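Visitor: Below are the chains, spelled out letter by letter.
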Amino acid sequence: MNASLETTLQSVLAAAPVPVQLTAGSQWPELVVAPDDWPTLAPFLRDHAELRLDFMFCLTCVDWKTHLTMVYHLNNSSCERVVVVKSVLDRQQPRVASVANIWRTAEFHEREVYELFGVHFVGHPDLRLLILPEGWEGRNPLRKDFEDPVNMIRL
Amino acid sequence: MFKEVLAEDQDCLTLNVGPQHPSTHGVLHLVITLKGETILRVDPHLGYIHRSIEKMCESLSYRQFIYVTSRMDYLSAHINNHGCALCVEKALQIEVPQRAQVIRVLMDELTRIASHVLWWGAMAMDVGAITPFFHAFREREMINEIMEETCGARLTMNYMVPGGVMYDLHPNFQRRVKQFISFFKSKLNEYDELLTDNIIFKQRTQHIGVLRREDAISFGATGPVGRGSGWACDVRKRAPYECYHQLQFEQVVEQAGDCYARYLVRMGEMRQSLSIIEQLIDNIPSGDYQAKTKAVLKLPKGEYYSRVETARGEFGVYIVSDGGTTPYRIKFRSPGFSNLSALDHMSRGHKIGDLVAIMGSLDLVIPDIDR
Amino acid sequence: MISLEFILQSVDRWLRDRLGHEVAVAVEYVLVGLFVILFFAVLGLVLVFMERKVSAWMQVRLGPNRVGPGGTLQTLADTIKLVSKEGLTPAGADRFLFNLAPVLMIVVSMLLLAPIAFARNVQLWDINIGVLYVSAISSVSVLAVLIAGWSSNNKYSLLGAMRSGAQIVSYELSAGLSVLTIVVLSGSLQVSQIIEAQQTGWWLFRGHVPVLVAMIIYLIAVTAETNRAPFDLAEAESELTAGFHTEYSGMRFALFFLAEYANVFVASAIGAILFLGGWMPLHLGNWDAFNRIMDWIPSSIWFFAKTFFFIFVIMWFRWTFPRLRIDQLLELEWKYLLPLGIVNLLVATTIAVAGWYF
Chain A
-16 MNASLETTLQ SVLAAAPVPV QLTAGSQWPE LVVAPDDWPT LAPFLRDHAE LRLDFMFCLT
44 CVDWKTHLTM VYHLNNSSCE RVVVVKSVLD RQQPRVASVA NIWRTAEFHE REVYELFGVH
104 FVGHPDLRLL ILPEGWEGRN PLRKDFEDPV NMIRL
Chain B
-1 MFKEVLAEDQ DCLTLNVGPQ HPSTHGVLHL VITLKGETIL RVDPHLGYIH RSIEKMCESL
59 SYRQFIYVTS RMDYLSAHIN NHGCALCVEK ALQIEVPQRA QVIRVLMDEL TRIASHVLWW
119 GAMAMDVGAI TPFFHAFRER EMINEIMEET CGARLTMNYM VPGGVMYDLH PNFQRRVKQF
179 ISFFKSKLNE YDELLTDNII FKQRTQHIGV LRREDAISFG ATGPVGRGSG WACDVRKRAP
239 YECYHQLQFE QVVEQAGDCY ARYLVRMGEM RQSLSIIEQL IDNIPSGDYQ AKTKAVLKLP
299 KGEYYSRVET ARGEFGVYIV SDGGTTPYRI KFRSPGFSNL SALDHMSRGH KIGDLVAIMG
359 SLDLVIPDID R
Chain C
830 MISLEFILQS VDRWLRDRLG HEVAVAVEYV LVGLFVILFF AVLGLVLVFM ERKVSAWMQV
890 RLGPNRVGPG GTLQTLADTI KLVSKEGLTP AGADRFLFNL APVLMIVVSM LLLAPIAFAR
950 NVQLWDINIG VLYVSAISSV SVLAVLIAGW SSNNKYSLLG AMRSGAQIVS YELSAGLSVL
1010 TIVVLSGSLQ VSQIIEAQQT GWWLFRGHVP VLVAMIIYLI AVTAETNRAP FDLAEAESEL
1070 TAGFHTEYSG MRFALFFLAE YANVFVASAI GAILFLGGWM PLHLGNWDAF NRIMDWIPSS
1130 IWFFAKTFFF IFVIMWFRWT FPRLRIDQLL ELEWKYLLPL GIVNLLVATT IAVAGWYF
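Chains as they are written, first to last, in my numbering: chain A, -16 to 138; chain B, -1 to 369; chain C, 830 to 1187.
No incorrect hints appear here.
Capping the alpha-carbon separation at 35 Å, the derived lysine-lysine pairs in DSBU-like fashion look like this:
| # | chain 1 | residue 1 | chain 2 | residue 2 |
| --- | --- | --- | --- | --- |
| 1 | B | K235 | B | K296 |
| 2 | A | K69 | B | K235 |
| 3 | A | K48 | B | K296 |
| 4 | B | K349 | C | K882 |
| 5 | A | K48 | B | K292 |
| 6 | C | K1164 | B | K33 |
| 7 | B | K235 | B | K299 |
| 8 | B | K235 | B | K176 |
| 9 | C | K1164 | C | K984 |
| 10 | B | K200 | C | K882 |
These aren't lab readings, by the way, just hints derived from the structure by calculation. These numbers come from a predicted model, not from an experiment.
The whole structure should be built from the sequences, with the hints applied where relevant.
Guide: Here you go:
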């Protein structure tokens, strides 16, 4: 099934409006897209008749110390068709377009990533702190260089 | 302290529901904007029980981090542990013995029943009927005792480990589970008599908090919430793990998308879980309960994702490994977090009493949302 | 035979003999006042204990069973705790109104005891418009709730009080209409005469279907009027935390609590008087032997048995049903109970005029 999905993806992505790099991935096919191209690709992936990746089940970010990687896990709502989309962001000024208007679950997930990683989502309807109390803007606990002498215990 | 929602209208009332409120079941804080009793907007403020489990896991080994996940959705502790164990096994390509698989599924389904039973009582209490809560606890207590006997704990079991389960089943397990099955079957009918057909309960839940199918998908509202909206999203069927593909069970799907549909889905799921347990309880294969694994687990460099169906929906574990003994990054996709994001959409235009019913039907567990 | 009536008359005679008419009456006033306060205290203890035991029984648990024999002193211990607790007044509350509300509430409940006949010829005040008096006084309690909700300076309290206002004012109508049904049949507003009219049989048995309907409407309406589940929207624990008395603590909370139970008692007592003949024993047609045995049971026992039956039913409601929503609550009253009550009254009047009752 994975193989057929990959061939479908290859043919579909040939017609994609933006350049996308397709790799096999460890578990599911992975797409790497430039942050600027993501807002164009997202509706394409969701609305394409053969893919219909309308269910975003995970949205997160990984801090690689040199850069941040946004990871979006997409799936089809009626059959298993998981595609992982990745986008590499600049660590100093992480900015990427919000997809909250495409997958509404992204609204909360992006707010979470915003406060934990400091990624700025352009076009997010309501980008505020969600979990952390006010005053934590700019301090991003899930970044690797985050230090909190009071609350963190190094093992 | 919090940014006030600017009401377009001077007649609006901003009301803080929570963090201490009887029906938020924990420390959830909702800032709701009211006009009279009608809700214009719900703005959840999370984090009162945020422990940053994802950050903690970055300094815990692959055996240790599973314990922390019991503290997330504490009502589905087994299933959370299960998801983590699956992810590690997938990375290390460990073959789980048949016996361990069956034990895991049995425990998962018992957990699901325990969680749904508690939800049933809490839902009834949210709409104002207090008695069902106590009836529900009686049944949950039986499951807890079964769990205690085998796992040594009642709430945070930590029973699933990479490669299988921690201990073998207690000799009493089969007998007590069978006792529970026969007892619980009659009680389920009692539940229906007490609440399902109650006209006040129906009035309070039907056509309340309607979530259409496409919205459920867009919000990523999985579990009984998604299935109540007509979306067949059960991971046990979509991407079967362990021995679920060999079992006979139905995916309970309702089309209405209102609170009552979600109620019916959970009631149906309790029956389905019972049937799964009945299929397995006499057919537990003999053999090892745990595969042989190394003392120190090192995951190969890469990314691993596993999904399980908890009582609340799809639970995902995303491990990014750099080849070391601790995860480089862990993300838990908790079902409650996505389900909660649909709350605002569902409760607009309803009354305060409906908000409580909607929250009840979402079955929110706050530590699962905050993590 | 020793009856409540006999005891009271002996006390009266003894006082008059010793003190003369005027002083005796003055002393009796004081005694009655003391009696009402004492009665309320005992009533609170008994009803709270009863509620806890009834709910425990329905919820497969034991209920209070540690303090005193069988847990009977638990409510006393709770009362002592409440009395000794600090009564907080929230900042920004209207102090005068905030303190006034619980007192008003309890005074209203106490006034309601006046026309109730506890036994044969035992009544504090046999006013000739007894039933009307009860209806009039009980509607004052909504003022106390509104004052409490408004003066607390708390949004939950305010919402609870507003709900309560709408609710009590609406359900007053239905309760009044079902009371009128009996008034029409008895031909009197006076409590003692309503009971006398049931000499040959209780209205529930003599009045055909209309009285049964009236009784059901009455039970629903008083449950709503006393803010008890499933109509406890003013408190609505899972929605408004505690509604209008969210900010009250200590003795002031205890007064609200007590008033709720006192109101349940009064409502049940009025119900027993109207539909089940108050202290009137159960008489069956010409079975003289049976009737004599029934007469032998003291009238006060009859009264309390009937009243506690109604109290039990109201408690049963509370521990069984989910709560209605405010719009559904008002819908039930204005769309169903009120029209039904009016038609029912019409039918009852026809029966009364034509003399078709037994």
